[in-house]
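2 protein chains.
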Amino acid sequence: MRIKLDKQSLCNAVATVNHAISSRTTMPILEGIKIKTTKEGVQFTCYDMTLGIETVILATVQEEGEAVVPGRLFYELTRKLPDDADVDMYFDKTSVEIVCAGSKTHIQTLPAEDFPMLPDIEENVQFNFSQEKIKNMIKRTLFAAAIDESRPVLTGVLFEIDSDSIRLISLDGYRMAISGKDIGEKENLVTAIVPSATLSEVGRLLENEGSVKISISQSHILFQTGNTRMISRLIEGEYIKYRQIIPMEWQTRFTMSSIALAQSIDRAATISSGSNNLVAFNIGSNQVNIDSENELGNVHEVITTQVEGKEIQIAFNARYISDILKNIESQDIVLSFTTNVSPCVITPAEDDDFLYLLLPVRIYTE
Amino acid sequence: MRIKLDKQSLCNAVATVNHAISSRTTMPILEGIKIKTTKEGVQFTCYDMTLGIETVILATVQEEGEAVVPGRLFYELTRKLPDDADVDMYFDKTSVEIVCAGSKTHIQTLPAEDFPMLPDIEENVQFNFSQEKIKNMIKRTLFAAAIDESRPVLTGVLFEIDSDSIRLISLDGYRMAISGKDIGEKENLVTAIVPSATLSEVGRLLENEGSVKISISQSHILFQTGNTRMISRLIEGEYIKYRQIIPMEWQTRFTMSSIALAQSIDRAATISSGSNNLVAFNIGSNQVNIDSENELGNVHEVITTQVEGKEIQIAFNARYISDILKNIESQDIVLSFTTNVSPCVITPAEDDDFLYLLLPVRIYTE
Chain A
100 MRIKLDKQSL CNAVATVNHA ISSRTTMPIL EGIKIKTTKE GVQFTCYDMT
150 LGIETVILAT VQEEGEAVVP GRLFYELTRK LPDDADVDMY FDKTSVEIVC
200 AGSKTHIQTL PAEDFPMLPD IEENVQFNFS QEKIKNMIKR TLFAAAIDES
250 RPVLTGVLFE IDSDSIRLIS LDGYRMAISG KDIGEKENLV TAIVPSATLS
300 EVGRLLENEG SVKISISQSH ILFQTGNTRM ISRLIEGEYI KYRQIIPMEW
350 QTRFTMSSIA LAQSIDRAAT ISSGSNNLVA FNIGSNQVNI DSENELGNVH
400 EVITTQVEGK EIQIAFNARY ISDILKNIES QDIVLSFTTN VSPCVITPAE
450 DDDFLYLLLP VRIYTE
Chain B
100 MRIKLDKQSL CNAVATVNHA ISSRTTMPIL EGIKIKTTKE GVQFTCYDMT
150 LGIETVILAT VQEEGEAVVP GRLFYELTRK LPDDADVDMY FDKTSVEIVC
200 AGSKTHIQTL PAEDFPMLPD IEENVQFNFS QEKIKNMIKR TLFAAAIDES
250 RPVLTGVLFE IDSDSIRLIS LDGYRMAISG KDIGEKENLV TAIVPSATLS
300 EVGRLLENEG SVKISISQSH ILFQTGNTRM ISRLIEGEYI KYRQIIPMEW
350 QTRFTMSSIA LAQSIDRAAT ISSGSNNLVA FNIGSNQVNI DSENELGNVH
400 EVITTQVEGK EIQIAFNARY ISDILKNIES QDIVLSFTTN VSPCVITPAE
450 DDDFLYLLLP VRIYTE
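As given, the protein sequences belong to chains A and B, one line each in that order. If you read the first sequence in our numbering, its first letter stands for residue 100, the second for the next number, and so on. If you read the second sequence in our numbering, its first letter stands for residue 100, the second for the next number, and so on.
Derived from the structure by calculation, the hints contain no laboratory data. There may be inaccurate statements among the hints.
For chains that are exact copies, the list does not tell them apart, and a pair is met inside one copy or across any two.
As the list claims (entries may be wrong) - Within a straight-line C-alpha distance of at most 30 angstroms, the following computed BS3-like cross-link-like pairs (lysine-lysine) qualify: (1) Lys203 <-> Lys135; (2) Lys409 <-> Lys203; (3) Lys280 <-> Lys179; (4) Lys138 <-> Lys238; (5) Lys135 <-> Lys425; (6) Lys280 <-> Lys138.
Every value quoted in this text rests on a predicted model; they were computed, and no experiment measured them.
Please model the entire structure based on the sequences and the hints provided.
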């Protein structure tokens, strides 16, 4: 194989597939990047057996072929090559010579036959969305997926896809995040539970422009954008029936600036007790008091706002509130409460596409 | 004590003194910030028994006094206070209430009597330099001081001060960095060995404008800028007679762009062998070849430049060359060599205020 590529395109391609390089593996070939000539140019592939990423860039192909280069080393080397220069790569059976301006590097390669194939996905059922929309939906749900692996389905994000709408759901037993309008439980609904780790890489690679095609099979999900394909294994199992967890009514409700709340919570969390970062809300008729304390002292925050409904005292884990406030851009949010032992619902004031549900810490009795 | 301060000034003062908070200490008071009213406003002091930093800001003093607040917590709390607001602090014997807009915090304090005094330095012998100059000199020498504590004097930077000139020297047995013109070994020369760790903090606090006054006593050095005083303990002992290490002649010499060299070294270092990151220079009459290799492959770099004197083959630790190139801004540098077992001298092409000396790795025999 002999190819000539533009340095910047080469670096972009390597940076794209790089996220699916396996870091701990007993198969050294998975630490590599497969390079292969195609009709369109040159294809780069990484695959850690959970996530596979493949991208094609334009290149001058002087001689066809395929080979696997050591991933991390190739990434380091190529990004350090002189800018604005062409890169020539000459492969023989066991190595490649990389020539760029006054720099000549020679490294070992592995045979491409040993590199596992990415799974095949029938692309006849395909959904089309804006990349920006999916990127935002991932951001708004990913953080609330479970870390603890005792219930594997909860370590992923549930995708519900209809002919023209999509909803993402995550929950970890303490909180739930939902992005997208309710699609219902139709018969033709396509669902998939995508592992958080791979979805995080997908979210990183999606851009703010253009569209993404999503295809789902029994075992895999495929995201396609421009010349890049990202294929992730799905988590097997039945997801929790999350609709029945959402409270239908409220007893106390108020609207407030998400930034003002974030700053108050941030200050209160500086002094908070225990591993659950306890902060207490004392909600009156026209103000919300937030209190925290530990052996070093205490913080008392007052935010003035009109409160509808009953007064209530309720406590939360400060980190869980901060998490949600970091992941929405909304200026105003609505907080709704039923009792101080039942979940609080947080929604943006001007956007019904997003819902966050948070269990209180039980320090008060109703 | 009752004081009213502007939030931003308060945060700046805390961020300034903060660097001298002791992190591992058996004296909890050293983890604190001493706050004291003065004629000029309010003074903040931290002192880890090696470095002491003191700064004064304008404030409304409603009641005089002094107290010690817990350092890290106070730093966290104050920077999170609402912006563009006044901060009221009400101290009683054992605690302080901090009030700012809708936020009220209450934390424990310690008695100021227990806080150690900063050492006194007679300021009648004072040297005055531009902050930018001293900041740059610190940057150009600090990285070459020894980490290994087997010869304590080498873990510091040697200051040599004359009535109107200053020179900084560091060396670790493999390399030496000198910033400032040679002052000679006059009788009235003031010298001091300043610990690297504290000098790094001083360098961080110096700005690109204004001047700094330097005073030196038997055991301490004082840097004064505006309203801030930084006092560091000195390292006792005799510094190495560094002048005799500098080669007086050269056999091979060339000039090259420091950026081109940095990039070539960076690429070569990606593939380099052993713990000493070996890269080999093969210097011909009109080009410099840089080579490295390990079990993964090899890199060959060619830089075209006019070489004066004899051809030479010599090898270096890539990291030591990168260090120097990172810490000079010069576009062109001159490299001078005598033999392949004696030190190489690197100087900027257009600035004789800086000299870097580097021992080769002995892989060639003369």
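Checklist entry - When no copy is specified for Lys138 and Lys238, does a C-alpha distance of 30 angstroms or less occur within a copy, between copies, both, or neither? => result neither (36 angstroms within a copy, 53 angstroms between copies)
Item to check | Intra/inter-copy verdict for Lys280 and Lys179 if alpha-carbon distance must be at most 30 angstroms | outcome: neither (46 angstroms within a copy, 35 angstroms between copies)
Item to check | Intra- versus inter-subunit Cα pairing at 30 angstroms for Lys203 with Lys135 | outcome: This pair counts as within: shortest intra-copy Cα distance 21 angstroms, inter-copy 63 angstroms.
Checklist entry - With identical chains treated as interchangeable, where does the CA-CA distance between Lys135 and Lys425 reach 30 angstroms or less: within a copy, between copies, both, or neither? => result Classified as neither: same-chain Cα gap 41 angstroms, cross-chain 38 angstroms, threshold 30 angstroms.
Item to check | Identical-chain pair category, Lys280 with Lys138, by Cα at 30 angstroms | outcome: neither (41 angstroms within a copy, 63 angstroms between copies)
Item to check | Within, between, both or neither: Lys409, Lys203 at alpha-carbon 30 angstroms | outcome: Between. Shortest inter-copy distance 26 angstroms satisfies the 30 angstroms Cα cut-off; intra-copy 74 angstroms does not.
Hint compliance for this structure: hints 3, 4, 5, 6 are broken, all remaining hints hold.
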